Structure formats: structure tokens, C-alpha cells
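K.L.:
Kindly produce the complete structure, drawing on both the sequences and the hints.
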Amino acid sequence: MSRSSTPIRRTLMRMIFLSCGVVLLVTSCAFCAYEFLTFRQSSIQQLQILSRAIASNSTAALAFDNPEDAAGVLTAFRADPHIVAAALYDAHGNLFAVYPQGLAVQGLPSHAGEGYTGAGYTFSRTALTGFEPVAEGSKQLGMLFVESDLNAMYARIRLYALIVVLVGGVAVSLAYLISRRLQHRLLQPILALAQTTTAVAERHDYTVRAARTGAYEFDLFTDTFNQMLTQIQESEGKLQSQVSRLNLLQHITHATGERQDLPSIFQVVLRSLEENLPIDFGCLLLHDDVSKTLTVSAVGAGGQDLARQIGLSPGVEVPIDANGLSRCIAGQLVHEPDVEQVQFPFPRRLAAAGLRSVVFAPLIVESQVFGVLVSTRRAAHSFSSGECEFLKQLSEHVALASHQARLHGALQQAYDDLRQSQHTTMQQERLRALGQMASGIAHDINNAISPVSLYTEALLEREPGLSERSRNYLTTIQRAIEDVAGTVSRMREFYRERDSQLTLERVQLNRAVQQVVELTRPRWSDLPQARGAMVDLQTDLADPMPEVMGAEHEIRDALTNLIFNAVDAMPTGGTLRVRTRKTGGADSEARAFIEVTDTGVGMDEDTRRRCLEPFYTTKGERGSGLGLAMVYGMIQRHSAELEIESAAGQGTTVRLSFPAYGSSVVVAPKAQQVIVNRPLRILLVDDDPMLIKSLKDTLQEDGHAITASHGGHQGIEEFSAAAKRGEVFDVVVTDLGMPHVDGRKVAASVKGISPTTPVILLTGWGQRLIAANDAPAHVDKVLAKPPRLHELRAALAELVP
Amino acid sequence: MAVLKGALRLVLFAVAGFMVYPRGLAADTPTEDQVQAVFLYNFSRFVEWPAQTFATPDDPFVIGILGSDPFGARLDEAVRNEQVNGHPLTVRRFHNLAEVDNCQILFVDRSEIARIGQILALLDHRSTLTVSQADGAAQRGVMIQFATENSRIRLRINVESARASGLTISSKLLRPAEIVGKGAKE
Ligand SMILES: Nc1ncnc2c1ncn2[C@@H]1O[C@H](COP(=O)(O)OP(=O)(O)O)[C@@H](O)[C@H]1O
Ligand SMILES: [Mg+2]
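Sequences listed follow chains A and B, in order.
In this text, residue positions in the first sequence follow this note's numbering: the first is 65, and each later residue adds one.
In this text, residue positions in the second sequence follow this note's numbering: the first is 126, and each later residue adds one.
Hints in this document: simulated from the structure, not taken from any laboratory.
Nothing here was measured: the structure is a model prediction, and the numbers come from that model.
Heads up, some of the hints might be wrong.
To be verified - A few chain A residues that face chain B, going by a derived Cβ cut-off under 8 Å, partial list only: (1) T123; (2) A124; (3) A125; (4) E855.
Heads up, the beta-carbon is just placed ideally off N, CA and C, and yes, glycines get one too.
P.N.:
Here it is as C-alpha cells:
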């Protein structure tokens, strides 16, 4: 039995025992009291009878004064062993005889004579004593005193106590047996019911039923209880399905929340419905508000075949029929319990596939229906109202999730754009600062090497009797100067300010590679060497290479980044190979490749997949995660392609592939020819005395008349003074960057005085001006510093024929 | 109140104690004659006379003394106002046999014992209890004889004579007595 049955049992037992016990006790007490009293009475009677007999027998002894006889008579008291003392008194109250013989007289009443009123029997605590008159006829002859102990009574009382205990014991056992029997009948239904309730409470199993026992009112009770259980079971069932639907809703919401793109959201919704609600076929239709059409967007994984069969594959347009779908488009949940009865085309299509119950749930965002969730089952009337409600709620969630996915996409796009532009801006800022600095340095270097270049060229050209050694040295100096100039110009070019719009130019990839390799030398050669690592850089350039259309500086930046990454991947050194090659002929299919290959740590699958993401880096603080992103940006702007081959520990190859621009044009270096100009009057304007001196020296040697002026201001004065004299200079050569009055102003003044006089501008910044061919106003020719003699000659020949 | 009660009880006890002061068994011992007088009277209670003994209910119960009277006034004292079954007790003294009349108990004095045969013959068929203190009286047909043993008076009873006279002697009386004659324990 369960533990809850004990108290009721025990209580019942206790009640029975208590009532039995009380009844028994009262009865026993009454019985004992009665017995006690009657026993007293009978004791007295017995004693009286005996005493009377003996008194009557002792009359003669008294009458004839015979104490011996009296004593003899008294011995008759022996018949009762409880009589402990007896005494006979004569008529005068004097003691006459005692029993038993030799009894101490002190214990006896001293006197009992005629008319003694002590007659009668009294109980004391230990004894029953009595006086009996001794009379013959009417004549009282004396008194008899008897004393009986109460042992008999006490023995009796003990007996009674024993009987009471025995009877009580038997009665209690009987009561126990009987009550057990009765209890069983009474308790059985209660306990059975209790057991059922315990089962219900502990296991939450509402399918159990209490058995009817046919006892008293319990059946009524049991029936009511069972009825209650049935009700609980029903509502429990309802609750259970509600909860499971809620779980499903939660599950779907969770699943959709994890996804950001519409197709996978729709897929997960349909799959969950198919598996868990479940439905037999489900699909999602998207509504185009403009064209008023419904298009199948997704079909549940389990219903693909069926969809194909009834022509509902993704992309198929569904006509909006007048009833069901149009009501749904209007924002209502439409439930068709049996489409057999419906005559519209879409339901008929479903019916043809054996799908009879249909629910259309609208997907509404901001009171716009953008889609319909179609759920179907084969059995007619198989969607309960709870399920319809669930589908409605689900459609709201799906709508919300879709909306969010769209928002998320838009946000992601905006964010990416923002980051891209931020990155670009940052880069531009950095480059602008570097560019400005580089320009300043380049200008100064160009100025500084100009005399060296000029004198070297002049010496080589004209100095008679130059030893072979001198010529060799001078040639080396000239090449070194050329290199310096080239480096400076490349540096300036590299940090040139970015144009906001990409201006495409023809780019020679080989040249770009060579430039970048040279420029990054410190990074791949010097720094690793300092660490004791050795990077072996090999270039393998195809010749000829087709040119490509692009922004050379961007391509160089990208190559720089690839080389940096390769070096980073080889912390203990290795081989870095930069290769160019081409495919295809001169047709439009032709492509030009640059490959950067290292023997470094390589990338695992995950890194390889993500390395193009902006800010993705495995280098922690040292990395920015922008390098490859930038490369990728360049690739996209150039309609180029990017390929990365890598495996962990296997090194990496990054391949850039550009569409080739026409066929390869190999520009043969023009043969240097010495142009001889007629002698000219030249005004030379520069703030650098070294430059003025070297230019003057070399040009004078060509036979020109040189007037040198230090600074723009002086130059303008000189020119106007000469003009006033009528001796206008044939040509003006001026530096661009001068304090106070720069080359532009000089040019403007010159043209203001004499518009036909050509102006040649020398500039340490000049490369760009030259490349863009956008010389400032009033300037006829721009020449880069350091000026080359042959270039100057060519310019003079061109301007002053 | 309780104190008062306790004091009262004490006084009562004291008084009671004084009153019940034992008088002792040995009060002045009565003479032999006195005792015999009382005994004589007592016999009336232990002997049953035939119903026709008395003609009327008012007839006196007569204790007769034959011969010299050893009891004197003491007997009269003892029977004064006494009754036996409603019959008033009287004492009559007979100086000779001729005087002897209707009486229920006849004490035959020692002085008359010589004529006991005559007396008994006279009393034959009369329901008269004969008593005597003379030695051997019982053997000679007197129903009850006083005998002194150890200074106590004992009874000797001739049951046969009594029965012959139609008297029933109570067994109580027989028990302490010595039975004489036929039926006596030898
Ligand atoms: N040549 C390479 N070898 C191995 N891993 C590379 C290589 N190039 C790029 N990676 C991986 O791609 C990540 C992204 O590179 P990148 O965009 O240049 O950022 P950064 O170099 O600042 O980390 C690097 O952190 C690195 O894990
Ligand atoms: Mg990098």
C-alpha cells in the first residue's frame, strides 16, 4: 500500500480501539464495582450466618458457665480460614472465651455486654468485624465478636483484575480482527482511489482510471473522479499539442533567425512543417505587387517530385484565382477543408495531386502581402482550428524573418560599401601624406643630382681626350644617376594621389612587377636577413607580355600586398617567385597573368575561403586583414580574376589574370641622336645656383648665349628689360618650384610681354605633368629634373626650329 | 474548626477509655448456690416440655423446691418478671412429697434424696424436670444433677429419664453435660 494509506488506517483503528476500550473499561468497572459490593454483602452474610450458628451453639456454654465448651464451640470457626479472631462475652460483657486458643486479648474489644449497641458488621481497611448477640429464646446471654481478614476479598479483586485483563485482551484482539475485516471493505475503494490519484500525480498519466468497487457511495465518487480525469486528459492533450506547436513555432523562428537569405529561410520553414506539423506538401509563393502575379519561390524538400508533377516548381507563375488566393492576397488566412468542392484552378491542381485540405496563410509586412504560405494535406478536413491559428502565427513570423533578411541584406550592403569607402579614404589619406613628403624629397633629390647628370652627359659628349677609364667611370655615374632619378620618379609615382575615378592606361605588367620587386626589397630581403631568414626572390617574366588596361598604381599596390603576404608566410625564409605569363594569341581571348608563389605556411581550407574578407586576418595585431581585400577590390575594378591555390604547409600561389589589351607592343628604345641647335639666346631662371651653373655651362658649350637669373622675380625683370631693349630672348627655361615667384608666374609674365617666346618648365615634380600631358598655361614644354641634355636639345629644336 | 473537632475527639476518647476499662474476669465469684439458682432458671430455656403441659397460656411456669431451700431469695430474684414462652415464672417450695404439685422443674434437695424413688414414682407421667445437687442423683433417675468439678458446677444428665417423662433436652445442653445411665458414654 502506499504510504498515504497508513494514517487513515491507523486513525480508523485508533477510533475503534478507543471506543472499544472505553466501553470495555466502563463495563469492567461497573462489573467490578458490582462484584465488589455484592462480595462485601455476601461476605457479611456469610460471616453473619456462621456467627449466628456459632452464637446459637454457644448459648448453653454461656448459660451454664462453661468456658471450655464455649471455646470448643468457637473452634467451629475453623471452617472459615479467613476468620482470624473470635471472642465470646457473657451477659455482663466479660470476656468468656476466645478463638483461636491463646489469642492475645489485647487485640479484642474489652467489653460487650447486654444492650451493647455495637451489634452489626463493619469493614475496616484490613478486616471485617462484627458483633452477634448470643440469645436463647428472648434472653440475651452474651455477645459474640468475630473478625475476618479481607484476604478473600483481595484475592477476589486480583481475580477480577486478571479476568478484566484477559477479557480486555480477547476483546481487543477480536475488535482488531473484526475491524480489519470491516476496514478492508471500507478502505479498499479509498485506497484504490488514492493509488490512482498517486499514479496521476506522480506520473502525470491521465489515462489511468479508478476501478469501480461497488461499495457504498464510492462508485459515485469514482465516477466523478474518472470524469474529472477524462477532462484533464482532454485538456492535457490540447495543451500538449499547443505546446508542441509552440515548440515548433519557436524552433522555426529560431532556425529562420539564424538565416539571413530568403531561400534558406523558406526552405527551413517548409522542411520544419513537413517534418513536424506535419503536412504532406507545402510551398511558398511570392507576390509581385506591381505585376500582380504569384510566383512559386520555394517547395518543401519532401514535395519536389509532387511539385514537378503538378507544375509548381520554383519560378512557375500561379494565376491568382478569384476566391482562395485573392482572399489570401487581401490579407486573410484561407482554409479550404476539402478542395474537391472548390472549382478554382489552383485548388483543383492540388486536388488532382490528391491534396484535399489546404491552408493559405498570407505573409504580410507593413500591411503588404508579399507572399503566401501554402500548406496541404491529403486527408480532407485535417487541419484543426489550432493548426490554422498556428499557421497564421507562423506566417507572421516568416514574414517578419523575410523582412528582416531583406533588411539585413540591405544593411550588409550598406555596411560593406561604407567600409570600402572608409578604407579607401584611409588609404588615400595615408598616401596623400606620404605622397606629399615623397614629392618634397624627390624634388630636392632631382635638384641635387641635376648638375651631376648634366656635367656627366656633357663630359661624355664633348670632352676631348677622355681616357677609356674616365669614360667608363662617367658612364657608370650616368647610369647611377639615371637609376636614382628612376627610383625617385617611381617613388613619387607610387605615392601619387589617387584619382577618384579610375583612369585606365596601358600598363606593362613586367615593368610593374620589376618596380614592385625593387620597391619592396627592404621587406623581402633586408628585414628577413636581419632576423637570419633568407628569402630567395625569383622573377620569371614572360617576354613579350601583352599590355593590359588598368591603373598601374593599383596593380602595383596589389602586387606589393601579395609580396608582403608571401614574406609574412615565410618567417623562416623560403622561395618567393613572381611570374608573368600570357595565354592566347592576339585575339580577344588573350590573357595576362601574374603569379606570386611562396613556399610558406599556406592556408587551411577555412582561411582560404575567408582570406578575401575585409578585416579577416590570422596575424592578430600585426595584420589589418585589408591586404587581400584591397587586391580583390582591384581585381573587380579591372574585370580581372583572382585565384588562390593553397593548403596548410604547402605554400601559396596567388594568380591574377587580366584581359590582355591588343597584342604585345615592344617599344624599341629610340636611338640617341645628337641634335645640333642653332645658337640661341636663352634666359635661365632657377633658384638653385648649382643647377644654373651646370645648365649654363653645358648649354654654353652648345654655343647658346645664356642669361641666368636667380629666382622668378629677377628672371621676369631680366626678360622685360631685354624686351625693352628689343633683344627678346629666343627661349625661356625656368624651374617650376621657386620661392615667391614660381615657374608658372614666370611663364605667364614672359607670355604677357612676348607671347611667341617659348617657355620650357623644369620640374622636380614633373613626371606627372609630363605623363598627363597637361602642361600649365603659358608653358610650351615640361621637362623633368634632372634635365637630360639630349632632352633639352630636342625640346629646343622642337620649339625654336 | 478542625482544631476544635480534634480536641473534642480527644476528650471523647479519654472518656470512652475510662468507661471501657476492663473489669477483669475475676469479679467477686458467686457462690455455688447462686450459680445453681441461675442454672435452675436457665434449664427452662434448654428443655422442651410437651404441649399439653399447660392447660391455659396463662398458667405459670413453676420451679418447685423440695426439701430445704438452698437458694433462698436469690432464686426469686433470678426469676422475677421472667417468662418462659409467655408463661410467668414462679417459684414454689414444697416441704414434703405430699405437697408436690404440678410443677415443670422440681429441685430435689440433698435432704430429700433418700426418698428419690418415691418422688420419681410420683412424678412419673408428669412432664417434670427433676434436678438435684445430691451425689449420684442422676444415676438414681434424677434427670439433671449438679456436680462440682474443679470448683465449677457441671451437669450430669440422665437423658433416659427425661425422655421417659416426655421432655426433650436441647442438644446444646447435652453437649457440655455428662450423660448418665442408659445411652451414656462409658
Ligand atoms: N601567402 C599567404 N600564405 C599564407 N597565408 C596567407 C597568405 N596570404 C594571405 N594569407 C592569409 O590571409 C589572411 C588575410 O590576409 P590579408 O588580407 O593580407 O591581411 P593581413 O595580411 O593583414 O593579415 C592572412 O592573415 C593570412 O592568414
Ligand atoms: Mg597582408
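K.L.:
Are the hints correct? Go through all of them and say.
P.N.:
Here's how the hints hold up against the structure:
no. : hint : in the structure
1   : T123 : holds, 6 Å
2   : A124 : holds, 4 Å
3   : A125 : holds, 6 Å
4   : E855 : violated, 160 Å
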